[in-house]
Every structure is written in structure tokens, then in C-alpha cells.
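Engineer: These protein sequence lines map, in sequence, to chains R and F. Quick note: the first sequence uses our numbering, first residue 439, plus one each step. Quick note: the second sequence uses our numbering, first residue 5, plus one each step.
Hints are computed from structural coordinates only; laboratory data are not their basis. A portion of the hints provided could be inaccurate.
20 Å max Cα-Cα, derived SDA-like pairs, lysine to any residue [said to hold, decoys possible]:
1) Lys447(R) - Lys106(F)
2) Lys106(F) - Asn466(R)
3) Lys7(F) - Asn466(R)
4) Lys77(F) - Pro499(R)
5) Lys7(F) - Leu483(R)
6) Lys106(F) - Glu468(R)
7) Lys7(F) - Tyr502(R)
8) Lys106(F) - Met479(R)
9) Lys7(F) - Ser32(F)
10) Lys106(F) - Asn503(R)
11) Lys106(F) - Leu483(R)
12) Lys7(F) - Gln495(R)
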Amino acid sequence: NAGVTQTPKFQVLKTGQSMTLQCAQDMNHEYMSWYRQDPGMGLRLIHYSVGAGITDQGEVPNGYNVSRSTTEDFPLRLLSAAPSQTSVYFCASSYSPTGIGANEKLFFGSGTQLSVL
Amino acid sequence: AQKITQTQPGMFVQEKEAVTLDCTYDTSDPSYGLFWYKQPSSGEMIFLIYQGSYDQQNATEGRYSLNFQKARKSANLVISASQLGDSAMYFCAMRGGGTASKLTFGTGTRLQVTL
Chain R
439 NAGVTQTPKF QVLKTGQSMT LQCAQDMNHE YMSWYRQDPG MGLRLIHYSV GAGITDQGEV
499 PNGYNVSRST TEDFPLRLLS AAPSQTSVYF CASSYSPTGI GANEKLFFGS GTQLSVL
Chain F
5 AQKITQTQPG MFVQEKEAVT LDCTYDTSDP SYGLFWYKQP SSGEMIFLIY QGSYDQQNAT
65 EGRYSLNFQK ARKSANLVIS ASQLGDSAMY FCAMRGGGTA SKLTFGTGTR LQVTL
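Hey, can you work out the whole structure from these sequences and the hints?
Structural biologist: Set out below in C-alpha cells:
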């Protein structure tokens, strides 16, 4: 029972490099999202998706791209990494994009610690 | 816009005592859900408890209970009989109703349980 799988767990980039953070879930969840966690700021929503082919911006989308070609996968791309993108990144999913009940809690991946030098 | 406020950056509690972690929220959605997550030092996010805006009773899950006061827009987490393993960051979060509802997080409270 894998749940939400994020790779890699750790990554160091140089300014200007590009990379993709991978996220996959095996729970047939419609809703997937990416958050970044910075000290003192909680978790902030970067991008989210309510189903295959549908994505939208969250609170802090600049510098990040996403796509959702399948229900299972929701990769996050950094096209030109900047030191301000040093953070811990979480992918999270839930069954429905519209529900607010207890069953609509987010399931989180284990996180990716990214450092941009 | 939704907003979650956690005013306690850090809290200390003695083992076996109860502790209350504060959370206030602001939303214009008539229906919404409130969640608490625990983040231990290992980093994973663990769901603890949920409260719906139309629920008549306060939610309970084992040693966790949610003191929901809708008029005051507060959703405080109460942990009874604290254990050393409860030492962690605790996040309050809210999800509004409607299409593509988003989970908005507070800044968290770091709880330290002492002997």
C-alpha cells in the first residue's frame, strides 16, 4: 500500500539548473497538489490538479510548472532553479477535489528537501 | 480568501498533562472542513482529526479532541495525557467547499513534551 510516493528525498541544485520532482499516488485520487514548507511559514500551495489534464495555480506558483497527464502522476518542474526555491516540497492527494468531509483529508508524500546553491 | 492563524509558535507540556493548541480561521465559505496534522522530526505529515463546519458535536480521535467554536471561528486541538511521542509540530488547516477546494495551513505550533 504505497500511498503517495515522492522522489527524490534530497536534491542539491546549482542556480539555473532544472529538475523535476516526481509524485505518484496509487489511490485513484482525483486531487493532487504540491506544497512547499519554509520555516515560520507553514505549508504554502504551489500548484494543484483536480484531474488528468487540469491544473491550476496556488499561492506561490512562480518558478514552477506542473502537468497532469495521468491520474496517478503529478510532477513538479523547476525550469531555472533559484536559491529562493530552497525548501521542503510535499506532494499531497485526496479523493475528491470538491469534498470537505473527513474522507477528503490530504495524504502526503514523505517530502523532498531541495537546496539551491 | 481563507486564512488560518496559529498564535503559539511553541508550547511546553509535562508528560501526562493535557494541552490545548490554538487555531483560529477566517473564511467566507458557508461550508468548510478543519484538519489538524502532526509533523514529527522525521518530517512526515500525519493526519490527526477532522471537524466539519456543520458537525454538531466536537470531533474526537483517541487522545485528540477538537474544541470547535464556530461563532468564534476557532478550532483548538486538545491533546489529553501527553506522551513524549507527542513532541512535534502541529498544523491547523482548512479546506473550503466548492470546486477545487484548497487546503490552507497555519504556521504551526511546536509542542515539546517534558518529563
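Engineer: Compare the structure with each hint and give your call.
Structural biologist: Each hint tested on the structure:
1. Lys447(R) - Lys106(F): violated, 25 Å
2. Lys106(F) - Asn466(R): Given pair lysine 106(F), asparagine 466(R) holds - Cα atoms ~18 Å apart, limit 20 Å.
3. Lys7(F) - Asn466(R): violated, 29 Å
4. Lys77(F) - Pro499(R): violated, 29 Å
5. Lys7(F) - Leu483(R): holds, 13 Å
6. Lys106(F) - Glu468(R): holds, 13 Å
7. Lys7(F) - Tyr502(R): violated, 23 Å
8. Lys106(F) - Met479(R): Given pair lysine 106(F), methionine 479(R) holds - Cα atoms ~17 Å apart, limit 20 Å.
9. Lys7(F) - Ser32(F): Judged against 20 Å, a Cα distance of about 10 Å means the pair holds.
10. Lys106(F) - Asn503(R): holds, 18 Å
11. Lys106(F) - Leu483(R): holds, 8 Å
12. Lys7(F) - Gln495(R): holds, 17 Å
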